[in-house]
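Visitor: Here is how the chains run, residue by residue.
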Amino acid sequence: MMLERRAAMARLLADRGDDLLVVPGLGSTCWDLAAAGDNDRNFYLWGAMGGAAMIGLGLALAQPDKRVAVITGDGEMLMGMGALATIGIQQPPNLAIVVFDNGVYGETGMQPSHTQGSDSGGVDLLKVAAGCGIGTCLEVRDEAGLADLAARLKGLDGTLFARVLIEAVDPPRVLPERDGVVLKRRFRAALGV
Amino acid sequence: MNAPAAVAKDPEWPDRLYETFKRAGIRQVGYVPDAGHARLIDRCRADPDIRDIVLTTEEEGVALAAGAWLGGQRAALLMQSSGLGNCINMLSLARSCRFPLLMLITMRGEWEEFNPWQEPMGSIVDPVLKLCEAEVFRARKPDEVEGLAERAIQTVFGDERIAALVLSQELIGKKVWTK
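Going down the list, the sequences are from chains A and B.
Residue 187 in this note's numbering sits at position 187 of the first sequence; the count goes up by one each step and never skips.
Residue 122 in this note's numbering sits at position 122 of the second sequence; the count goes up by one each step and never skips.
It is worth saying that the hints were derived from the structure and are not from the lab.
Some clues are possibly wrong.
Stretches of chain B that chain A covers, calculated by requiring three or more beta carbons in the stretch to come under 8 angstroms of a beta carbon on chain A [said to hold, decoys possible]:
no., region
1, 81 to 87
2, 115 to 129
Some but not every residue of chain B turned toward chain A, in silico, with C-beta under 8 angstroms [stated by the list, open to error]:
no., residue
3, Leu55
4, Ala68
5, Met90
Keep in mind that this is a model prediction, so the values were computed, not measured.
All C-beta atoms, glycine included, are put in the ideal place defined by N, C-alpha and C.
Can you build the whole structure from these sequences, using the hints too?
Guide: What follows is the structure, given as structure tokens:
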């Protein structure tokens, strides 16, 4: 039984605290993040496909006393897979890259992604991240794994990559603010920068 | 045909750029290694107050700079003209959110170029930048570099805009193809 994406997002962000900054990918993970509750410390993406992890890296380097979670989908991560190599070199201890992997492009009609069937020949992003030198790489398949990941995010002390296996479903969209200037300004104001 | 203008073997303008970065408080420098930026990259790498971030592709740097600004730091992105083509869709992040984005672009394919594969992208750098609503500052002579860099930095961080300092190939010199 794979995890349900909205519940998984809510579980990871329960009692998130003011020091957790969250960057989703565009599309489904952005709606998941909005559904978990709006927060000035979310930087929603409505575009920039392939850029979520690198936004997280720039943010984590600039804010070493905060924790940064990039929570994106397999399609978005595949487009920016080089970012895992770049992050593997930098190793910011306060950055977590979490991929909600369902093996499909949910936003565009559930077409298969490269990760489909990663147990039997599809692309395994966990191995990619490990090969890029990211020290902690976790596969999350069930509630116990999710609880472990949530605890690790709370006490983040090393670059972390997690692949969370979620169901291939397309829940109703929950749309956050989409004015990028507003999102940027409120995020910076929340950090006092 | 006129002989090509002499190019200083070890030009000092990269040092002026580094000093300009320091005055502007640049803390993150993303780059794909490039011979024209080699000295500036070395200076940044040697500075403990500047985080140098080697990228696999230039578009990563556009997103990196956005993240840095969200976290209150200033970033710069170094690339060759070919790298601009790798950035185009990601530049919509900077435009949609008015992220400050400082790009330093060394030119290929416009002067004494041996490699014809550099010409297609090199020839469209200026119009591409303008289409992406970037302010373009083009330096052709060493003594122009510092002043134009200052203006680009003011445009970027003062107005929260995209600006490119384009460093002409005459400044950098011919790539030597024989060992």
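Visitor: It remains to establish, for every hint, whether it holds in the given structure.
Guide: Cross-check of the supplied hints:
1. Closer than 8 angstroms: that is the beta-carbon criterion, and the region 81 to 87 of chain B has 0 residues meeting it against chain A, so the requirement of 3 is violated.
2. A count of 0 residues in the region 115 to 129 of chain B with a Cβ less than 8 angstroms from any Cβ of chain A is obtained; the coverage claim is therefore unmet, three being the minimum.
3. Proximity of Leu55 of chain B to chain A holds as hinted, the smallest CB-CB distance being about 6 angstroms (cut-off 8 angstroms).
4. Evaluation of the Ala68 of chain B hint against chain A yields a held restraint, the C-beta minimum of about 4 angstroms falling below 8 angstroms.
5. A cut of 8 angstroms between beta carbons decides the hint on Met90 of chain B: the least distance to chain A is about 6 angstroms, and the hint holds.
In this structure, the hints that do not hold are numbers 1, 2, in rising order.
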